[in-house]
Structure formats: C-alpha cells, structure tokens
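If you read the protein sequences in the order shown, they are chains A and B.
Each residue of the first sequence is one higher than the last, beginning at 1 in the numbering used here.
Each residue of the second sequence is one higher than the last, beginning at 1 in the numbering used here.
Read the hints as simulated data drawn from the structure, not as lab findings.
Please note that a few of the clues may not be correct.
[Claimed, not checked] For lysine-lysine, the following DSSO-like pairs were computed, each having C-alpha atoms within a straight-line distance of at most 30 Å:
| id | chain 1 | residue 1 | chain 2 | residue 2 |
| --- | --- | --- | --- | --- |
| 1 | A | Lys98 | A | Lys68 |
| 2 | A | Lys98 | A | Lys42 |
| 3 | A | Lys42 | B | Lys57 |
| 4 | A | Lys1 | B | Lys57 |
| 5 | A | Lys98 | B | Lys57 |
| 6 | A | Lys110 | A | Lys42 |
| 7 | A | Lys1 | A | Lys42 |
| 8 | B | Lys57 | A | Lys68 |
| 9 | B | Lys57 | B | Lys11 |
| 10 | A | Lys68 | A | Lys1 |
| 11 | A | Lys68 | B | Lys11 |
| 12 | A | Lys110 | B | Lys57 |
| 13 | A | Lys110 | A | Lys1 |
[Stated by the list, open to error] Where chain A lies over chain B, by a calculated footprint (3+ residues, C-beta under 8 Å):
| id | stretch |
| --- | --- |
| 14 | 44-55 |
| 15 | 94-108 |
[Said to hold, decoys possible] A few chain B residues facing chain A, derived, Cβ under 8 Å:
| id | residue |
| --- | --- |
| 16 | Ala82 |
| 17 | Thr86 |
| 18 | Phe90 |
Beta carbons are placed, not taken as given, at the ideal position from N, Cα and C, and that holds for glycine.
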Amino acid sequence: KQEVTQIPAALSVPEGENLVLNCSFTDSAIYNLQWFRQDPGKGLTSLLLIQSSQREQTSGRLNASLDKSSGRSTLYIAASQPGDSATYLCAVNRNGNKLVFGAGTILRVKS
Amino acid sequence: DAEITQSPRHKITETGRQVTLACHQTWNHNNMFWYRQDLGHGLRLIHYSYGVHDTNKGEVSDGYSVSRSNTEDLPLTLESAASSQTSVYFCASSAGAQETQYFGPGTRLLVL
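Turn these sequences into a full structure, and let the hints guide you.
Structure (structure tokens):
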C-alpha cells in the first residue's frame with residue numbers, strides 16, 4: 001500500500017528565507033506527483049505536477065523535484081513571503097489519477 | 001472561466017438521514033473524484049468516475065454512493081448518515097489519467 005509522508009509537519013520562517021518541504025513515498029511505481037496549496041477553510045490549489053519521467057518543474061518562485069527511485073520529492077520556495085503561509089500537500093498518482101496524499105506541511109512565514 | 005463548484009458549502013444533518021452533496025464542473029473533464037478530509041487522516045478517496053455511467057469505489061467507500069448521468073456532475077450520496085461521516089468533502093476533476101486534478105471549494109458536513 002502506497003504511503004506518503006511529509007516532513008516537517010509544521011514550519012515557521014522569517015520573510016525572505018528560502019525553504020524546502022519534503023515528501024517521501026513508499027512505492028516508486030507512480031505516474032506523477034502533484035503539489036498543492038490549501039488555505040484555511042478552502043479547497044486545494046494545484047501548484048506543480050511532475051510526471052514520473054521528469055526530474056523537476058518550476059513555476060515562479062516554486063521549484064519541485066522528483067527522485068522516483070528513492071521515493072522522494074521536494075518543494076523549494078524561494079524568497080518566502082507572508083502570503084505563502086498555508087498548508088502544502090503532496091500527492092502521488094498510483095494509476096488512473098487516484099491520488100494518495102501526505103498529511104501536509106503547515107507553513108507560516110512571519111513578516 | 002471553467003470551474004468546479006460544490007453545494008451546499010455547509011450542511012448539518014441528523015444520523016440516519018440521506019444526504020446528497022453536489023459537484024459540478026464546466027471543464028468537460030471525463031475524470032471526477034470525491035475525497036474526504038479529516039484531521040489525522042488527511043485526504044482519502046471515496047469514489048471516482050472515468051466517464052458517464054462509470055463509477056468506482058475508492059479507499060473509504062462504505063456508506064457512500066455516486067452516479068454519473070452526464071459529464072458535468074458527480075453527486076455523492078450518504079445513504080444513512082453516521083456521525084463518523086462528519087468531515088469536509090472535496091470534489092475534483094481531471095482531463096485524463098496523468099493530468100492535473102482541480103479541486104472544488106469543499107462541503108463541510110456535520111452529522112449530529
């Protein structure tokens with residue numbers, strides 16, 4: 001059974017810092033991995049999707065990497081801002097786009 | 001703009017009642033999904049559909065059912081609501097098996 005773990009569970013950083021969120025999964029047979037952002041009381045917003053054949057994807061200040069063989073992905077946020085404060089979720093696509101989610105990392109960026 | 005909507009956004013019901021949560025998407029996506037989100041369990045897949053008249057059980061499908069009569073809608077029905085079904089429910093859709101999933105705003109359900 002696929003299990004997804006996110007470390008750390010919570011993170012508090014000063015504004016402007018670069019930070020890394022980690023995601024690990026137990027079964028490397030995945031189609032892709034998706035990173036989401038969730039604001040309190042809201043739905044999930046897709047940030048980046050990395051296909052299994054890709055090593056990384058970038059969108060603005062966000063960069064996500066994928067090492068399928070070791071079962072790891074990282075989300076790098078450059079020059080963090082208070083507006084980046086949210087819960088970040090990673091999810092792996094086993095097959096047919098049935099996502100398995102990690103528990104998330106709660107990020108707080110202090111101004 | 002295309003979107004995915006859910007209704008109601010908040011619902012209070014009593015144990016034993018039948019409840020239906022609506023999900024509507026305007027992207028013309030074939031794939032639609034229902035998840036529940038609970039503290040300590042994260043998001044878990046309830047049911048999913050790959051097209052009209054197709055429905056499949058997910059990880060936590062007991063006590064839930066779905067039907068897909070058109071491309072745009074995938075309503076989720078709780079046959080006889082239980083307190084354990086108090087949760088936040090999210091609907092999602094995607095264009096294909098390896099495409100980005102887009103989520104609705106969620107429905108917060110309280111079963112008393």
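Evaluated hints:
Only pairs whose Cα atoms come within 30 Å are accepted, and Lys98(A) paired with Lys68(A) is accepted, the gap being roughly 18 Å. As the CA atoms of Lys98(A) and Lys42(A) are separated by approximately 21 Å, the hinted pair is consistent with the 30 Å bound. Our distance criterion of 30 Å between C-alpha atoms is met by Lys42(A) and Lys57(B), whose separation comes to about 25 Å. With a CA separation close to 16 Å, the supplied pair Lys1(A) and Lys57(B) stays within the 30 Å bound.
Between Lys98(A) and Lys57(B) the alpha-carbon distance is near 11 Å, which keeps this suggested pair within the 30 Å criterion. Taken as a hint, the Lys110(A) and Lys42(A) pair is honoured in the structure, with Cα atoms around 21 Å apart against an allowance of 30 Å. Restraint check for Lys1(A) and Lys42(A): satisfied, since their Cα atoms lie roughly 29 Å apart, inside the 30 Å limit. A distance of roughly 27 Å separates the Cα atoms of Lys57(B) and Lys68(A); the hinted pair therefore holds under the 30 Å criterion.
Annotation: proposed proximity of Lys57(B) to Lys11(B) holds, straight-line Cα distance about 24 Å (limit 30 Å). Proximity of Lys68(A) to Lys1(A) is assessed by CA-CA distance (about 16 Å); at most 30 Å being required, the pair is judged to hold. Between the alpha carbons of Lys68(A) and Lys11(B) the distance comes to roughly 41 Å, so the proposed pair goes past 30 Å and is violated. Of the pairs offered as hints, the one joining Lys110(A) and Lys57(B) is violated, with about 42 Å between alpha carbons and a cut-off of 30 Å exceeded.
Distance hint between Lys110(A) and Lys1(A) is unfulfilled; the C-alpha atoms sit about 38 Å from each other, more than 30 Å. Residues of the stretch 44-55 of chain B with a Cβ under 8 Å from some Cβ of chain A number 4, which satisfies the need for three, so the listed coverage holds. Under a criterion of three residues with beta carbons nearer than 8 Å to beta carbons of chain A, the stated coverage of the stretch 94-108 of chain B is upheld, 12 such residues being counted. Interface hint at Ala82(B): violated, since its Cβ lies 23 Å from the closest Cβ of chain A, which is beyond the 8 Å cut-off.
Hint status for Thr86(B) relative to chain A: violated, with the closest Cβ pair at about 16 Å, above 8 Å. Checking Phe90(B) against chain A by beta carbon gives a least distance of about 6 Å; that is within 8 Å, so the hint holds.
Of the numbered hints listed earlier, those contradicted by the structure are 11, 12, 13, 16 and 17.
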